[in-house]
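**Student:** Here are the chains, one letter per residue:
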Amino acid sequence: MNFLPLWRYQNQLIDGAIVTLELTVIAALAGLLIGVAGAVALNGRITPLRWLVRGYIELFRNTPSLIQIFIVFFVLPNFGLKLPAFEAAAVALSLYFGAYSVEIIRAGLDSVPKNQIEAGQCLGLSGWQVFRHILLPPALRNAYPAVTSQFVLLLLGTSLASQVAADELFHVAGFIESRTYRSFEVYAVICVVYFTMAMSFKALFAIIGLAAFRWPRRR
Amino acid sequence: MRSFTLIDFVSLFAALRWTVALVVLALAFGAPLALAFATGRISRFAGLRWTMAACIQIVQSVPLLGLLFFFYFGMPMFLGIQVPALVAVTVAYTLYTAAFLGEIWRGGLEAVKQAQWEAGSCLGLSAWQQFRHIIAAQALRLSLPPTVGFLVQLIKGTSLASILGFVELARAGQVVSAATFQPLLTYALVAAIYFALCLPLTLWSRSLEARLDGSR
Chain E
0 MNFLPLWRYQ
10 NQLIDGAIVT
20 LELTVIAALA
30 GLLIGVAGAV
40 ALNGRITPLR
50 WLVRGYIELF
60 RNTPSLIQIF
70 IVFFVLPNFG
80 LKLPAFEAAA
90 VALSLYFGAY
100 SVEIIRAGLD
110 SVPKNQIEAG
120 QCLGLSGWQV
130 FRHILLPPAL
140 RNAYPAVTSQ
150 FVLLLLGTSL
160 ASQVAADELF
170 HVAGFIESRT
180 YRSFEVYAVI
190 CVVYFTMAMS
200 FKALFAIIGL
210 AAFRWPRRR
Chain A
0 MRSFTLIDFV
10 SLFAALRWTV
20 ALVVLALAFG
30 APLALAFATG
40 RISRFAGLRW
50 TMAACIQIVQ
60 SVPLLGLLFF
70 FYFGMPMFLG
80 IQVPALVAVT
90 VAYTLYTAAF
100 LGEIWRGGLE
110 AVKQAQWEAG
120 SCLGLSAWQQ
130 FRHIIAAQAL
140 RLSLPPTVGF
150 LVQLIKGTSL
160 ASILGFVELA
170 RAGQVVSAAT
180 FQPLLTYALV
190 AAIYFALCLP
200 LTLWSRSLEA
210 RLDGSR
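For the record, the sequence lines run as chains E and A.
Using numbering that gives the first Met the number 0, the first residue of the first sequence is number 0, and each one after it goes up by one.
Using numbering that gives the first Met the number 0, the first residue of the second sequence is number 0, and each one after it goes up by one.
The set of hints was computed from the structure by calculation and includes no laboratory data.
Backbone N, C-alpha and C fix where the C-beta goes; we use that ideal spot for every residue, glycine too.
Any given hint might turn out to be false.
[As the list claims (entries may be wrong)] Partial selection, computed: residues in chain E whose CB lies under 10 Å from chain A:
| no. | residue |
| --- | --- |
| 1 | Asn-42 |
| 2 | Tyr-55 |
| 3 | Phe-169 |
| 4 | Met-198 |
[What the hints assert, rightly or not] Over 12 Å on every C-beta distance to chain E, these chain A residues come out as not near it, computed from the model:
| no. | residue |
| --- | --- |
| 5 | Gln-56 |
| 6 | Ile-57 |
| 7 | Pro-83 |
[Stated by the list, open to error] Here chain E is said to cover these stretches of chain A; the calculated rule only asks that three of the stretch's residues, wherever they fall, bring their Cβ under 8 Å from a Cβ of chain E:
| no. | stretch |
| --- | --- |
| 8 | 72–80 |
| 9 | 118–132 |
| 10 | 136–144 |
| 11 | 165–178 |
| 12 | 183–195 |
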């Protein structure tokens, strides 16, 4: 075992980690938007739209993320839409994260008992006030743990983007391996970097959760 | 370049063998380890609890792809001998399964109220009898839906073994796609096969969740 040859590639590692973070944040934000829109559609009254969202969720939750990335990268060019690796991975991961987000956000909204909303309406609160003061706080608190753990899984899942040569952390690992022939050392270091990033996010989310919700709150 | 033929179709299904084999191996070795993790995490000994928690945190904070590469290149180093890739991959999937199933099962065990243990000891049952007849019986009911849900994650996760050269479903898809230049048809088929494997499990998990409602 010899980790010294890896030392001179620290800049590439940092660049790769930044690309990984970019990919994660982009996919998370886009996925959450999809999640909110999907949850609204699922609670809505338009039946075909509900079916469409259901189909989307089941399709993306029951097929591997890797295949989804391949489909966006290799199949869309057939339809005249050729995306570079990073963009293709971002699109695929957003849709993947979105499918999980819809369910998480819907479950968060459903966790608020109906009679509380009715109580708010009885007090003469407007639709927005009911949403803002009665529905949103408990829904956010209940959805928060699931969203954050899904975010960490997304961070780890961005490693799959390396398979279409998006230059994120795992792809950088392959590059360094091809230069140094230190396969084990490279992937050991990469694992430590992912571990550090994942743990930092877990700690950050725990602190935010404690501050925002004094969570876990006993009911 | 050649057209997509029946043989390509068959080769995708033939590759399912490896997908299934990897799932079976992961469960065969991972499930007992998961049970050890789960019981270790609720043990009376703080040292054991912390060690188990640390192991689970490490495995859950590293990408599955990272685990696979770590052991693929690491096994020969740890053991000093060349081992078949299958051994390395099995170790990686075993740890992955153990960490995630372990946490699911711990959740189930902890959801059973403390008073249930006490009730058991009041009846004069030994610690093992309390665990076996009172706690585990109830925990099983609570853990079954998420356990089935994890199976879906595991099946999807076996697609990563393709990167280490296992000709399972995802790899067969790549091979066929490269040979026929028909990525649309090929990957749609591959996705459809995964979907047909996973959807029944997802639906089963959901119906179990409704039927074995923990609040009852």
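**Student:** Look at each hint and say if it fits the structure.
**Tutor:** Hints, one by one, checked against the model:
The closest approach between the C-beta of Asn-42 of chain E and any C-beta of chain A is roughly 18 Å, which is over the 10 Å cut-off, so the hint fails. For Tyr-55 of chain E, the interface hint is violated, since its Cβ never comes within 10 Å of a Cβ in chain A; the closest pair sits about 12 Å apart. For the restraint placing Phe-169 of chain E at the interface with chain A, the shortest Cβ-Cβ distance is roughly 6 Å, inside the 10 Å limit, so the hint holds. A least Cβ separation of about 6 Å between Met-198 of chain E and chain A falls short of the 10 Å threshold, and the interface hint therefore holds.
Not every C-beta of chain E lies more than 12 Å from that of Gln-56 of chain A, the closest at about 7 Å, which undercuts listing it as non-interface. Not every CB of chain E lies more than 12 Å from the CB of Ile-57 of chain A, the least distance being 6 Å, so the non-interface label is violated. No beta-carbon of chain E comes within 12 Å of the beta-carbon of Pro-83 of chain A; the shortest separation is about 17 Å. Closer than 8 Å: that is the beta-carbon criterion, and the stretch 72–80 of chain A has 3 residues meeting it against chain E, so the requirement of 3 holds.
Coverage of the stretch 118–132 of chain A by chain E is violated. Counting CB-CB distances below 8 Å, 0 residues qualify, and the rule asks for three or more. Using a Cβ-Cβ cut-off of 8 Å, 0 residues of the stretch 136–144 of chain A lie near chain E, which falls short of the minimum of three, so the contact claim is violated. Counting residues of the stretch 165–178 of chain A whose C-beta lies closer than 8 Å to any C-beta of chain E gives 4; at least three are required, and the coverage claim holds. With 7 residues carrying a beta carbon less than 8 Å from a beta carbon of chain E, the stretch 183–195 of chain A meets the three-residue requirement, and the given coverage holds.
Violated hints, listed in ascending order, are 1, 2, 5, 6, 9 and 10; each of the other numbered hints is respected by the structure.
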